[in-house]
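K.L.:
Next come the chains, spelled out residue by residue.
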Amino acid sequence: MAGDYWGKVRENAAISREIYRMTLDLPEIAAAARPGQFVMMTVSGDEAQDPFLRRPFSVSGMDAAAGTVSVHYRAVGRGTRAMARKAPGDSLRVMGPLGRGFWWDRGLRRAALVGGGVGIAPLLPLARALTADGIQVGAFLGAQNKAGLFGADVLEAAGCRTYAATDDGSGGYKGLVTELLLKVADAQGFFDSGAGDVSVCGSQGGGSVFACGPAPMLRVLTEICGVRRMPCQISMEERMACGLGVCMGCAVSAAGADGVVRRARVCGDGPVLDGAEVRWDG
Amino acid sequence: MVDLTARLSGLTLKNPVIGASGCFGFGREFNEWYDIGRLGGIAVKGLTLKPSPGNPLPRIAETAAGMLNSIGLQNPGVDAFISEELPWLRGRDLAVIANINGHSVKEFALITEKLNGVEGVHALEVNISCPNVEHGGMFFGTDPQMAAEVVRSVRCETRLPLIVKLTPNVTDITEIARAAEAEGADIISLINTVAGMAIDIKKRRPVLPRGVGGLSGPAVKPVALRMVWETAGAVSVPVIGMGGITDHRDALEFLMAGAAAVAVGTGNFRDPMTGIRIVDGLTEWMEEEGVHELAQVIGAARFCPA
Ligand SMILES: Cc1cc2nc3c(=O)[nH]c(=O)nc-3n(C[C@H](O)[C@H](O)[C@H](O)COP(=O)(O)OP(=O)(O)OC[C@H]3O[C@@H](n4cnc5c(N)ncnc54)[C@H](O)[C@@H]3O)c2cc1C
Ligand SMILES: Cc1cc2nc3c(=O)[nH]c(=O)nc-3n(C[C@H](O)[C@H](O)[C@H](O)COP(=O)(O)O)c2cc1C
Ligand code: FES
Numbered sequence: 001m002a003g004d005y006w007g008k009v010r011e012n013a014a015i016s017r018e019i020y021r022m023t024l025d026l027p028e029i030a031a032a033a034r035p036g037q038f039v040m041m042t043v044s045g046d047e048a049q050d051p052f053l054r055r056p057f058s059v060s061g062m063d064a065a066a067g068t069v070s071v072h073y074r075a076v077g078r079g080t081r082a083m084a085r086k087a088p089g090d091s092l093r094v095m096g097p098l099g100r101g102f103w104w105d106r107g108l109r110r111a112a113l114v115g116g117g118v119g120i121a122p123l124l125p126l127a128r129a130l131t132a133d134g135i136q137v138g139a140f141l142g143a144q145n146k147a148g149l150f151g152a153d154v155l156e157a158a159g160c161r162t163y164a165a166t167d168d169g170s171g172g173y174k175g176l177v178t179e180l181l182l183k184v185a186d187a188q189g190f191f192d193s194g195a196g197d198v199s200v201c202g203s204q205g206g207g208s209v210f211a212c213g214p215a216p217m218l219r220v221l222t223e224i225c226g227v228r229r230m231p232c233q234i235s236m237e238e239r240m241a242c243g244l245g246v247c248m249g250c251a252v253s254a255a256g257a258d259g260v261v262r263r264a265r266v267c268g269d270g271p272v273l274d275g276a277e278v279r280w281d282g
Numbered sequence: 001m002v003d004l005t006a007r008l009s010g011l012t013l014k015n016p017v018i019g020a021s022g023c024f025g026f027g028r029e030f031n032e033w034y035d036i037g038r039l040g041g042i043a044v045k046g047l048t049l050k051p052s053p054g055n056p057l058p059r060i061a062e063t064a065a066g067m068l069n070s071i072g073l074q075n076p077g078v079d080a081f082i083s084e085e086l087p088w089l090r091g092r093d094l095a096v097i098a099n100i101n102g103h104s105v106k107e108f109a110l111i112t113e114k115l116n117g118v119e120g121v122h123a124l125e126v127n128i129s130c131p132n133v134e135h136g137g138m139f140f141g142t143d144p145q146m147a148a149e150v151v152r153s154v155r156c157e158t159r160l161p162l163i164v165k166l167t168p169n170v171t172d173i174t175e176i177a178r179a180a181e182a183e184g185a186d187i188i189s190l191i192n193t194v195a196g197m198a199i200d201i202k203k204r205r206p207v208l209p210r211g212v213g214g215l216s217g218p219a220v221k222p223v224a225l226r227m228v229w230e231t232a233g234a235v236s237v238p239v240i241g242m243g244g245i246t247d248h249r250d251a252l253e254f255l256m257a258g259a260a261a262v263a264v265g266t267g268n269f270r271d272p273m274t275g276i277r278i279v280d281g282l283t284e285w286m287e288e289e290g291v292h293e294l295a296q297v298i299g300a301a302r303f304c305p306a
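In order, the protein sequences belong to chains A and B. Residue numbers are given in the numbering used here: position 168 of the first sequence equals residue 168, and the series is strictly consecutive. Residue numbers are given in the numbering used here: position 107 of the second sequence equals residue 107, and the series is strictly consecutive.
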């Protein structure tokens, strides 16, 4: 059950030229959050009316023992720039954990995690949880350039094989992360393990893809996985007003098991959706 | 003890705070945060005759102290509302207001027919003010003749308290309000969103695919308040005021301008507790001020010509 809390900033710093990490004291959220869930942050003060709406961020780390929650973010607009100016000791209002996170079952043996840009964020707690369940995890990180890559340390510490790709070749493979995934996964026979019931993650062949990133990347991935009959869960990003499932601002189209196309709210039915169900053209 | 009862012709609310249409869903989500039965009422998401998928994304663009929306009345349709949502709402202790939307005068009448005599619907809110749909919507609310025609056709079909919701996108809102009153509206509610726009300078395109969207939130409050003031002075039926309300002080401004009740929309998005915070804030304020009943506040700011 989500709540709305004052989170005191413990640490807020640039970890590269492009990416910031903020850690806040939020014991309730730290205890309840599952990988793939998100929070809505109020970036203006309690009495301020502007910016009015909250901003959604994936939980990139939760430490129930320490009572802390982290987010990784890029300063792209007035809300995230205001966040970047917060200092330890400042407080922000944070609502969460929200939405449906990633899911898996005991049949899952191998997972490929694919993150594009800040979409890497939700994969960090996911990798920890999967490896803790004894699942073999390969992580594929993509960004425009080296400064956009992060999390390899966390992923490797969790025991994942980690691969990186950048558009300009400044870090890892030069090209798209989806190309890199195909190369590595095909060489390792990863997709051979997928054939089976694509709707039930891991139940049949034991493999699954989990991804978060820009929509074009997610779309290509779901196509790749569709052809290879590999389950693919994607965490989507849409403009949100409420984050609570009431405003319908974030409603994408998705086909259910019955084939009927319905509206799915990214904030409530997602942000993680079954990639095979998403209808990209509305 | 203070008495927050709001008496609007034919519709009595235990307090004057209503969840605004489109900003409160069908109540379930907010009931996870507090007992929505503590509010005076809920205006449910705008209903159409058939289920409607709404507009393409993006549907939201934040602007200074507010937001533009272009949801386009995504809703499950009036039948699904009655079978799926209403049974749950019946168990809650608050007035249920069905916000209805037709693409034609006839459709308004058809939806009304379906809601007539249905247990648990306490009032109808005729939305002649949605800026986000191609056919109908705001078109009906910008012309007194058209507005009158819609209200007449709904009035013929029902004895439920009839609320008519006005758009601010007109030169003289009192003209439309009077037309609605003349055709038998029991209550006038306003404002719906203000037609607005935002442009993505990088793409050199409007942010919203339809170009225009509806502005709401604190940014519209002064405009809304002025229009509530004007309308309350022009009609004798009660007025429900809304537009940018985020706390009990905002609500009091609307009440003092002459509104008999208020609705809270966009404020819920920033803080899910907004509705109940306003109820509690009003109660405390009245206690502190020694105001015993709500009626003492309504219209308190209006000049009294001798
Ligand atoms: C479920 C979810 C998880 C996210 N997780 C992360 C994360 O872990 N790290 C991160 O850096 N970013 C994340 N984002 C994107 C992040 O919400 C935006 O970067 C942020 O809202 C931008 O706010 P701004 O005020 O700086 O930008 P502005 O452009 O000034 O914002 C204006 C409005 O547009 C919205 N908006 C702008 N860009 C986006 C976007 N890309 N997605 C959704 N709404 C947007 C804002 O919320 C705001 O309402 C996530 C988005 C969603 C939906
Ligand atoms: C996302 C959103 C959806 C809305 N949907 C409806 C609707 O279905 N029917 C309606 O009459 N008004 C609708 N409105 C208008 C609100 O009910 C209200 O009149 C307006 O937003 C001004 O109040 P506010 O500033 O408190 O939000 C909607 C507003 C928003 C922001
Ligand atoms: S953001 Fe409001 S329904 Fe998803």
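Because the hints were derived from the structure by calculation, they are not lab data. Note that the coordinates shown come from a computational prediction; the quantities given were computed from them, not determined experimentally. Treat the hints loosely; a few may be bogus.
Below are the BS3-like pairs computed for lysine-lysine, each with C-alpha atoms no more than 30 Å apart in a straight line [what the hints assert, rightly or not]:
id, chain 1, residue 1, chain 2, residue 2
1, A, Lys174, B, Lys50
2, A, Lys146, A, Lys183
3, B, Lys14, A, Lys146
4, B, Lys202, A, Lys86
5, A, Lys174, B, Lys202
6, B, Lys203, A, Lys146
7, B, Lys50, B, Lys114
8, A, Lys183, A, Lys86
K.L.:
With reference to the structure, classify each hint as holding or not holding.
P.N.:
Tested hints:
1. For a cut-off of 30 Å, the pair hint linking lysine 174/A to lysine 50/B is broken: about 50 Å separates their Cα positions.
2. Restraint check for lysine 146/A and lysine 183/A: satisfied, since their Cα atoms lie roughly 20 Å apart, inside the 30 Å limit.
3. Between lysine 14/B and lysine 146/A, the direct Cα distance comes to roughly 60 Å. Violation of the 30 Å bound is thereby established for this hinted pair.
4. Among the hinted pairs, lysine 202/B with lysine 86/A is consistent with the structure: their alpha-carbon atoms are about 28 Å apart, no more than 30 Å.
5. Proximity of lysine 174/A to lysine 202/B is assessed by CA-CA distance (about 27 Å); at most 30 Å being required, the pair is judged to hold.
6. This hinted pair checks out: lysine 203/B and lysine 146/A have alpha carbons roughly 26 Å apart, not beyond 30 Å.
7. A threshold of 30 Å between alpha carbons decides the hint, and for lysine 50/B with lysine 114/B the separation of about 12 Å falls inside it, so the pair holds.
8. Simply put, lysine 183/A and lysine 86/A have alpha-carbon atoms about 41 Å apart, too far for the 30 Å limit, and the pair is violated.
Figure legend: structure checked against the earlier numbered hints; hints not met, in rising order: 1, 3 and 8.
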